[in-house]
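Given next are the chains, with one letter for each unit.
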Amino acid sequence: MNAHPQFAETLALYAMGALDNPQDLAALESHLGTCGDCRRELEALRADTALLALSVTGPQPPARSRDRLLSAVAAEPRMERRTSKPYAVGRLRPRWFTFAPVMVMLLLAVFSILLWRDLRNTRRALRHTQAQMEQIQTELARTNSELAEAKMVHDLLHASDAWPLTLVSKKTPPQPQMKMIYSRQKGSLFLLASNTPALPENKIYELWLLPADGSAPMAAGWFKPDGKGNGMIFHKLKSNGIEAKGFAVTVEPSGGSQTPTMPIVMEPAG
Amino acid sequence: MQSNRLQNSYSYESERMRVSGTQAPNHKDDAALIARIRAGDQSAMADLYDRYAGVVYGVALRVLASTAAAEDVVQEVFLQLWRNPQAFNADRGRLAPWLAVIARNRAIDFLRKRPPEEDIDEMPISTGVNLEDEASQKLVVDKIRGVLGELPQDQRKALEMAFFEGMTHSEIAGKTGDPLGTVKTRIRTGLLALRKVLA
Numbered sequence: 011m012n013a014h015p016q017f018a019e020t021l022a023l024y025a026m027g028a029l030d031n032p033q034d035l036a037a038l039e040s041h042l043g044t045c046g047d048c049r050r051e052l053e054a055l056r057a058d059t060a061l062l063a064l065s066v067t068g069p070q071p072p073a074r075s076r077d078r079l080l081s082a083v084a085a086e087p088r089m090e091r092r093t094s095k096p097y098a099v100g101r102l103r104p105r106w107f108t109f110a111p112v113m114v115m116l117l118l119a120v121f122s123i124l125l126w127r128d129l130r131n132t133r134r135a136l137r138h139t140q141a142q143m144e145q146i147q148t149e150l151a152r153t154n155s156e157l158a159e160a161k162m163v164h165d166l167l168h169a170s171d172a173w174p175l176t177l178v179s180k181k182t183p184p185q186p187q188m189k190m191i192y193s194r195q196k197g198s199l200f201l202l203a204s205n206t207p208a209l210p211e212n213k214i215y216e217l218w219l220l221p222a223d224g225s226a227p228m229a230a231g232w233f234k235p236d237g238k239g240n241g242m243i244f245h246k247l248k249s250n251g252i253e254a255k256g257f258a259v260t261v262e263p264s265g266g267s268q269t270p271t272m273p274i275v276m277e278p279a280g
Numbered sequence: 019m020q021s022n023r024l025q026n027s028y029s030y031e032s033e034r035m036r037v038s039g040t041q042a043p044n045h046k047d048d049a050a051l052i053a054r055i056r057a058g059d060q061s062a063m064a065d066l067y068d069r070y071a072g073v074v075y076g077v078a079l080r081v082l083a084s085t086a087a088a089e090d091v092v093q094e095v096f097l098q099l100w101r102n103p104q105a106f107n108a109d110r111g112r113l114a115p116w117l118a119v120i121a122r123n124r125a126i127d128f129l130r131k132r133p134p135e136e137d138i139d140e141m142p143i144s145t146g147v148n149l150e151d152e153a154s155q156k157l158v159v160d161k162i163r164g165v166l167g168e169l170p171q172d173q174r175k176a177l178e179m180a181f182f183e184g185m186t187h188s189e190i191a192g193k194t195g196d197p198l199g200t201v202k203t204r205i206r207t208g209l210l211a212l213r214k215v216l217a
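Chains as they are written, first to last, in the working numbering: chain D, 11 to 280; chain L, 19 to 217.
These aren't lab readings, by the way, just hints derived from the structure by calculation.
Heads up, a few of these hints could be off.
What the hints assert, rightly or not - According to the in silico footprint, chain D covers these stretches of chain L (three or more CB under 8 Å from chain D):
| no. | region |
| --- | --- |
| 1 | 64-78 |
| 2 | 87-95 |
| 3 | 118-124 |
| 4 | 159-166 |
| 5 | 183-194 |
In this text the structure is predicted, and so the values were computed from the model without any measurement.
C-beta: ideal position from N, C-alpha, C; glycine also.
Looking at chain D on its own, in the form it has when it is part of the complex (with noise of 0.2 Å):
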């Protein structure tokens, strides 16, 4: 025998389930959850205690007694049961202490679920916050290259050494003219003009917009021309979305003016 001597006695009173001190069964189920020897000599006790039981066999019970469970045999419907429980170290064990681990298990389960539906709900988050990213990415590209070729025209409108031409047939003598764009949508336009004949000193073309509901004419910009007679407007309204039937040039005060000055000297051909 090799159990610890201190525990030899109450591991003799614990096989018989007459320990009944809480200290020494709490002390004893902890050292037999890691002593091996312990336990052995639990179960050699248990075997010394089966012979204190077998000590008293022979009566027979009656007759009745075998009817009786062979008629409770029949009766019950045959289960399959679970394999062998790990070691037991004692029949003080809660019987709640036995479901434990399905209730751990159980909830496990349920955390890993919680879990796993946040993880899901995040990544289609994220999923989304990428995509938006993508597009804002395209747009910003488009618009850098929207950007670099106004640029280019503005810079090449610009340059010190532009030289606009305008190409006519030969038979025709240099006539003035302004070629324009405008777009309602984005309130904007451009106007670009050649050939323009000289004006005096304190006085400029300014380019009025005639909007189609009738209202008074818009002022949409102005220019006073070069020496060969080229000039250039880029013109904002102030809203967007007027409907223009018609645009017209007149000649007006440095300055530009809030009401145009008659003659047109200029208008959209046709």
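Use these hints to put chain L onto chain D, whose structure you have.
Showing chain L alone in chain D's frame:
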């Protein structure tokens, strides 16, 4: 009542000897019997009863001193084995000592009016005793009784109060007036005496 019980425990000898038809179970028979029970063979329960009813009933009667209550213990122990034959592991012991301890525990539950356990314990009970035939079984039981008879009366009394009456060592000390340490020593010494003789 205590003295009556102690006396009764030795009056079973003559009754046991009158029992006829007692089987001579061996280790292989136990394993085969349990295998049949696991397979749902109801006739195996009849064989089990025929072999071991005396063991279970004897212990229950010793503890409860009531034939009706002892019959109830027999029913419960065998039915629980029918419901859960996996509780007994034939590789780690034999049916007779295992059933004897299970019967004792159930009888103590009855005695203390504790609600019966839903399941039987799966504690391994392995003895070195030879129970393979009727002669060996009788020899073993006689040896055990002989050892018990040779024990000092106080030691034997402490053993029986703990085992057959389900008393704790504090209750035994309170009833006998002996110190707790003395009761502990008597119980352990008594159990070891049984093992020493039968080893």
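Each hint, compared with the structure:
For the region 64-78 of chain L, the proposed coverage by chain D is satisfied: 9 residues have a C-beta within less than 8 Å of a C-beta in that chain, meeting the threshold of three. Closer than 8 Å: that is the beta-carbon criterion, and the region 87-95 of chain L has 4 residues meeting it against chain D, so the requirement of 3 holds. Proximity of the region 118-124 of chain L to chain D, defined as three or more residues with a beta carbon under 8 Å from a beta carbon of that chain, is established by the 5 residues found. Check result for the region 159-166 of chain L against chain D: holds, 4 residues qualifying (beta carbon to beta carbon below 8 Å, three or more required).
Look at the region 183-194 of chain L against chain D: 7 of its residues bring a Cβ nearer than 8 Å to a Cβ of that chain, three or more, so the hint holds.
Of the numbered hints stated above, none is contradicted by the structure.
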